[in-house]
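Asks: If you want the building blocks of each chain, they are given just below.
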Amino acid sequence: MTKNKYIINNVKDDINILFFNGNFLNIKIKKKLKKYYTIKYILKKVKKNNKNKKKNINSNALSSLINNLYTLILYVKSKSIYFNNKKKYINLNINFINSFSLINNINILLIVDNRTFLFIKESFKNLKGNIYIINYLFFKIYLKKKSNVIYLKYKKNDFSISTINNIIIYQKRLTKFILYDINLYEKFSYNNIIINNLSNYCLSRIYSIIISSKTQVTKFYLLINNNYSFCNNKQYYIGIYDGYSKSILKGLINVKKNTKNNISYQNYKNFILSNKVYVNFKPYLNIYTNNIKCSHGVNIGKIDQFFIYYLQSRGINLYKAKTLFYLSILYKIINFKKFKGIIKDIKKKLKLILN
Amino acid sequence: MLKIKNLYSSINNTLIIKNLNLKIKNGEIHILMGPNGSGKSTLSYIITGKPKYKINKGEIIFCKKKINELSPDKISKLGIFLSFQNPIEIDGITMFNFLKILKKKNNFKKLYKLCKILNIDKKDLYRFFNLGFSGGEKKKNEILQMLILKPKFIILDEIDSGLDIDTIKYLFKIIKIYLKNNPKCSLLIITHNTSIIKYIIPNKVHIIYNGSIILSGNSELIYKIEKIGYNGLIKKKYNDKK
Numbered sequence: 000m001t002k003n004k005y006i007i008n009n010v011k012d013d014i015n016i017l018f019f020n021g022n023f024l025n026i027k028i029k030k031k032l033k034k035y036y037t038i039k040y041i042l043k044k045v046k047k048n049n050k051n052k053k054k055n056i057n058s059n060a061l062s063s064l065i066n067n068l069y070t071l072i073l074y075v076k077s078k079s080i081y082f083n084n085k086k087k088y089i090n091l092n093i094n095f096i097n098s099f100s101l102i103n104n105i106n107i108l109l110i111v112d113n114r115t116f117l118f119i120k121e122s123f124k125n126l127k128g129n130i131y132i133i134n135y136l137f138f139k140i141y142l143k144k145k146s147n148v149i150y151l152k153y154k155k156n157d158f159s160i161s162t163i164n165n166i167i168i169y170q171k172r173l174t175k176f177i178l179y180d181i182n183l184y185e186k187f188s189y190n191n192i193i194i195n196n197l198s199n200y201c202l203s204r205i206y207s208i209i210i211s212s213k214t215q216v217t218k219f220y221l222l223i224n225n226n227y228s229f230c231n232n233k234q235y236y237i238g239i240y241d242g243y244s245k246s247i248l249k250g251l252i253n254v255k256k257n258t259k260n261n262i263s264y265q266n267y268k269n270f271i272l273s274n275k276v277y278v279n280f281k282p283y284l285n286i287y288t289n290n291i292k293c294s295h296g297v298n299i300g301k302i303d304q305f306f307i308y309y310l311q312s313r314g315i316n317l318y319k320a321k322t323l324f325y326l327s328i329l330y331k332i333i334n335f336k337k338f339k340g341i342i343k344d345i346k347k348k349l350k351l352i353l354n
Numbered sequence: 000m001l002k003i004k005n006l007y008s009s010i011n012n013t014l015i016i017k018n019l020n021l022k023i024k025n026g027e028i029h030i031l032m033g034p035n036g037s038g039k040s041t042l043s044y045i046i047t048g049k050p051k052y053k054i055n056k057g058e059i060i061f062c063k064k065k066i067n068e069l070s071p072d073k074i075s076k077l078g079i080f081l082s083f084q085n086p087i088e089i090d091g092i093t094m095f096n097f098l099k100i101l102k103k104k105n106n107f108k109k110l111y112k113l114c115k116i117l118n119i120d121k122k123d124l125y126r127f128f129n130l131g132f133s134g135g136e137k138k139k140n141e142i143l144q145m146l147i148l149k150p151k152f153i154i155l156d157e158i159d160s161g162l163d164i165d166t167i168k169y170l171f172k173i174i175k176i177y178l179k180n181n182p183k184c185s186l187l188i189i190t191h192n193t194s195i196i197k198y199i200i201p202n203k204v205h206i207i208y209n210g211s212i213i214l215s216g217n218s219e220l221i222y223k224i225e226k227i228g229y230n231g232l233i234k235k236k237y238n239d240k241k
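Sequences listed follow chains A and B, in order. For what it's worth, numbering that gives the first Met the number 0 labels the leading residue of the first sequence as 0, then goes sequentially. For what it's worth, numbering that gives the first Met the number 0 labels the leading residue of the second sequence as 0, then goes sequentially.
Just so you know, these hints were derived from the structure itself, not from any lab. Please note: incorrect hints may appear among the correct ones.
As the list claims (entries may be wrong) - Incomplete in silico selection of chain B near chain A, CB under 10 Å:
id, residue
1, P71
2, L124
3, Y125
4, F128
5, K226
Quick reminder that beta carbons are idealized off the backbone N, C-alpha and C, glycines included.
Please work from the sequences and hints to get the whole structure.
Replies: The following block contains the structure:
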């Protein structure tokens with residue numbers, strides 16, 4: 000009964016996938032839109048056959064990927080659905096529910112077909128209450144030609160679950176991948192993200208917002224491999240830290256030989272509210288070619304006092320002025336019109352820290 | 000309206016304002032002039048309560064209230080407005096949203112009317128606050144905020160710097176209209192520029208030097224500054240004392 004409840008709760012989403020105690024349980028697709036999609040899913044791929052071994056040696060990256068062991072392989076293909084001349088994104092919601100297992104291993108392969116637009120969300124539920132649960136999530140996403148994927152990593156309510164994310168992205172020609180990573184309450188968050196460009200004209204964006212307090216720890220490891228030309232990668236990271244919180248980041252961008260016109264950019268901004276915060280950021284660039292644009296920068300500092308004074312001189316009180324300062328920086332990188340609920344939660348968290 | 004008595008103030012243990020006395024009555028226009036680094040802008044910051052500046056001695060009284068230890072937001076709510084020399088840029092918040100934060104009653108219609116008065120393009124309301132604005136546009140934005148907040152006491156910190164003659168004329172025209180509509184409102188203009196007398200006639204002119212007001216008089220004092228300069232006036236004053 001409990002399992003079905005959570006599926007019914009998320010009726011708005013087009014596709015709902017349910018993982019119960021680390022095992023795949025159910026997939027539900029909206030009936031009305033079913034004719035537009037073709038969705039296939041395979042459970043726990045069996046070991047490779049010896050007969051096919053010869054074929055696999057010469058096959059492409061996708062076939063070698065499929066031959067691994069997964070809890071779920073999901074293949075999504077959509078016919079072109081247009082609303083007001085804009086292509087509609089398919090909403091994919093992945094639910095993780097835990098009742099008795101404390102540590103879960105989940106291994107997913109997602110294949111997004113040509114010209115398919117996908118919006119991925121995550122939601123977590125801990126039925127054990129306050130007992131701490133760890134999810135090891137290995138998520139491989141393969142984007143075929145001209146496909147777009149937006150991935151929102153945000154935990155709304157449950158703070159007793161932490162996930163160790165290993166996300167590997169394979170991008171084919173003219174694909175777009177956008178990751179929003181928002182962490183407000185998670186005690187320990189670990190992100191290991193690898194982006195591989197498999198052909199020219201790939202675009203990727205990573206937007207991270209971390210507002211941490213008390214003893215929250217965040218670790219972020221990023222590797223972007225520019226194997227082909229005309230690729231565009233940008234990463235924006237904003238951190239606001241209070242209490243004894245820790246944040247560690249290592250970002251490496253590789254630009255390989257014989258590539259040209261690649262654009263890579265890393266921008267990290269950190270604001271420290273207490274003296275006991277630990278922040279260690281190391282951006283790296285490995286460039287083995289000419290004719291590219293690459294840059295990286297890290298700022299670690301305190302709030303701009305003149306900014307606050309200006310706002311106060313207009314009759315805005317200190318608390319409001321500080322929140323405006325942080326929100327203005329956040330609005331710069333994310334358009335919160337898409338995610339209305341998140342901005343409310345961010346304001347709540349800022350209120351906790353600034354008061 | 001505003002009384003400053005024996006004011007001593009410092010920043011990082013260095014005295015900047017020394018024994019400064021100033022009195023501005025209701026509906027008066029005062030001009031504060033002086034050479035670079037004499038403490039004109041710092042006086043405006045001290046009046047509006049900038050936290051870095053410490054008041055060591057003396058008091059500032061506004062509308063019979065001591066405002067020495069009040070925070071800048073409370074001072075502005077009492078009715079003091081400071082138009083900044085270099086206003087900040089807010090990337091991420093539009094002009095319209097910012098003006099709505101200042102006063103929740105602001106409607107589209109009201110703002111559009113004020114924009115028309117100030118020759119501000121309507122589209123500018125949907126741009127990020129002061130981001131990529133020219134010097135003139137930023138100053139117009141400051142005056143727009145002034146018209147919205149309707150203060151009792153206005154400090155204009157170098158409103159004429161970096162502006163062409165036409166926009167200076169136009170801005171002072173609007174300020175004059177505002178003063179006409181609010182006859183109790185008084186004005187303190189901080190400037191180096193002696194040509195300001197063409198646009199507005201003050202009740203009093205003060206010259207600040209080394210953190211204290213050394214001379215004050217009528218608008219004729221401005222003509223003297225034009226003839227002799229600040230150094231000439233200061234030398235003359237000290238020679239007269241001897």
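Asks: Against the structure shown, which of the earlier numbered hints fail to hold, in ascending order?
Replies: Failing hints, ascending: 2, 3, 5.
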